[in-house]
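Q: Protein sequence lines correspond, in order, to chains A and B. Quick note: the first sequence uses this note's numbering, first residue 653, plus one each step. Quick note: the second sequence uses this note's numbering, first residue 653, plus one each step.
Just so you know, not all the hints are guaranteed correct.
The list treats identical chains as one, so a pair stands whether inside a single copy or across any two.
No more than 27 Å apart at the CA atoms, straight line, and that leaves these computed lysine-lysine pairs for BS3-like [said to hold, decoys possible]:
id: 1; residue 1: K747; residue 2: K807
id: 2; residue 1: K778; residue 2: K672
id: 3; residue 1: K747; residue 2: K769
id: 4; residue 1: K778; residue 2: K747
Treat the hints as calculated values from the structure; they're not laboratory data.
Number of protein chains: 2
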Amino acid sequence: MDTLKSDVTICGRPIDDYIKQVVDFHGSFAPGMLLGGFMVEHARRNLSPEILFDSICETSHCLPDAVQLLTPCSIGNGWLKIIDVGRFAIALYDKHSGNGVRVHLDHRRLESWGEIKSWFLRLKPKHEQSRERLMDEMLRAGVSVLGIARISIQKEFLEHRHGAPIALCPACGEAYPSEHGARCRACLGALPYKV
Amino acid sequence: MDTLKSDVTICGRPIDDYIKQVVDFHGSFAPGMLLGGFMVEHARRNLSPEILFDSICETSHCLPDAVQLLTPCSIGNGWLKIIDVGRFAIALYDKHSGNGVRVHLDHRRLESWGEIKSWFLRLKPKHEQSRERLMDEMLRAGVSVLGIARISIQKEFLEHRHGAPIALCPACGEAYPSEHGARCRACLGALPYKV
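Same shape as in the complex, but just chain A:
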């Protein structure tokens, strides 16, 4: 990453710190993690700094890790949810009002950025892509390739159901949320393995 400009920051931290954190957590500094960093930064700058926000990722690729590293939201604490519609987009929103912003990578803004476009739309096989040029373009493009829109989350989605009663599944004998029905979803075939 010789081309990295040392003055670039992601959410206020020097990019080298972010890269180190990404390598520790994600395993490698993937292009989607660099772009994801800019996406989280762009979303946060367009939210009031004092609000408590929840988040949604529209893909499971890379973006959930950028959100988890750069915000208080994680999968396990429930502040990040993934709704995998396969779009490269994140939403951050006030956890009480549901008002917030959605940021996505906009393919219509990629005409001057050939490597990003090829990578995003999978226009050429991976071995023909240049990682160095891709990262360099991403760094130079920054937030200019991102679309942003105000959103408002549906009220029903905001309602948290804490403490739903627990049942014991008559099939496997394990504990599960009773609201799932008469048997747990595992015993209805939801898992790719049997115990």
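Position chain B relative to chain A; hints supplied.
A: Frame of chain A, contents of chain B only:
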């Protein structure tokens, strides 16, 4: 956490280091993160140390964060998947053969551990639970409350589809995986917001 024994380790690291990491990432040292730490440790000890493993969490509560902090698996790198059947269980398995282990909290092993049982089966309201007693019981119980079983992941689940073609959705104009169909899932109503 006065009752914490300083000699307890989680996946080879001193528990205080794990607690710090959890607070940074998850926001607080929740009971599920302590138990989740023991679960990951128990699973890893029962896998050959040299294998490359993927993972599944059977709930989105806490366990995904324990897996992400204590293994190379994350949501964004694709090595962790959540299949939310609402059971407090994790599976770690060889990413090539699909052979591995599943660890779950076994309610049948909780007869001597009243606070863990109350917490897990939601037998009393949260304000009547004692967090200190709960954590103390978890520390003393360790892996003795966990069930473990060998599993084998279905072959179809192991097959990765890299580089599926990208389409532009005729409704929203955004890029999405063409295998999802003629429109992206967001335009079919999968999200709790509209742009």
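Q: Each hint should be assessed against the structure and marked as holding or not.
A: Structure-based check of all given hints:
Taking the closest pair of Cα atoms, K747 and K807 come within 27 Å of each other only inside a single copy of the chain (10 Å); across copies the shortest separation is 40 Å, beyond that limit. Only within a single protomer do K778 and K672 lie at most 27 Å apart by alpha-carbon distance; the minimum there is 24 Å, versus 39 Å between protomers. For the homomeric pair K747 and K769, neither the shortest alpha-carbon distance inside one copy (34 Å) nor that between copies (31 Å) is at most 27 Å. Within a single copy, K778 and K747 get their C-alpha atoms only as close as 39 Å, which misses the 27 Å cut-off; across copies the closest is 22 Å, which meets it.
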